[in-house]
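Could you build all of it, start to finish, from the sequences and the hints given here?
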Amino acid sequence: MKRWRSTYSILALCVMVTVPAWMGAACARGPSAEELAAMEAARQQAIADSLRAVRAEEEARLAAEEEARRLAEEEARLAAEEAARLAAEEEARRAAEARHQEMMSLSTIFFDYDMSNIREDQRSALDENARKLREYQPEDSVVVEGHCDERGTIEYNLALGEQRAQAVKTYLTDAGVADGRIETVSYGEEQPAVMGDDESAWSQNRRAELKRQ
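Per the working numbering: the sequence shown = residues 12 to 224.
Bear in mind the hints are in silico, worked out from the structure with no lab data behind them.
Don't take every hint at face value.
Using C-beta positions, here's what the derived DEER-type ranges look like [claimed, not checked]: (1) Glu150 - Asp208: 38 to 44 Å; (2) Ala95 - Ala64: 17 to 23 Å; (3) Glu102 - Gln215: 35 to 41 Å; (4) Glu150 - Ala204: 27 to 33 Å; (5) Arg54 - Glu93: 42 to 48 Å; (6) Thr184 - Gln112: 21 to 27 Å; (7) Ala103 - Gly187: 28 to 34 Å; (8) Leu89 - Asp60: 17 to 23 Å; (9) Arg130 - Arg88: 58 to 64 Å; (10) Glu68 - Ala44: 34 to 40 Å; (11) Arg88 - Glu131: 55 to 61 Å.
Keeping only pairs whose Cα atoms sit at most 20 Å apart, straight-line, the calculated DMTMM-like set for lysine to aspartate or glutamate is [said to hold, decoys possible]: (12) Lys222 - Glu113; (13) Lys222 - Asp151; (14) Lys222 - Glu146; (15) Lys222 - Glu69.
Built from N, CA and C at the ideal position, the CB exists for glycine as well.
As structure tokens, this is what we get:
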């Protein structure tokens, strides 16, 4: 009995010594090849994920910059087009206004002393007046005002002013302006263009003025 107990004790002691040694050896051997491969794969995946995130962020930044640049260029293009359109409209408006003023302006016709016939040097101005009346706002009527200088009686100058207005009307109708568009009136010496009692003033007062209505 004593021998059996002794043998049992020795076996138990061996087990107590051997098991911790085996467990220590197992802990000291480190991860297996499969574990190392899995760890490396995880590390590489993390690196790849990080790189993809960085690339995606950079691509998003570049795309945002490109969109901002495109929008800025588009805005600048539209602004330039709008400025050009407004400039063209303004230029057209000014040209139209200038043409309107030019076409609405009718030249005054001058006469010799005590005469109502159309002078040769006044025919080109009358021709231009006729052209404007035919081509621009032909629905307008026109009043021809006859004027005289201060010499002569009031009655005589009123009659002479009417003759001058009628002479201009006849010239215009012969040039193609409808007779019904033209009215005549005489102011005689009542409305001088220039004040004075010499020929330089009188020559400017012997006139017929044309006014659109």
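Non-conforming hints, listed in increasing numerical order: 2, 5, 8, 15
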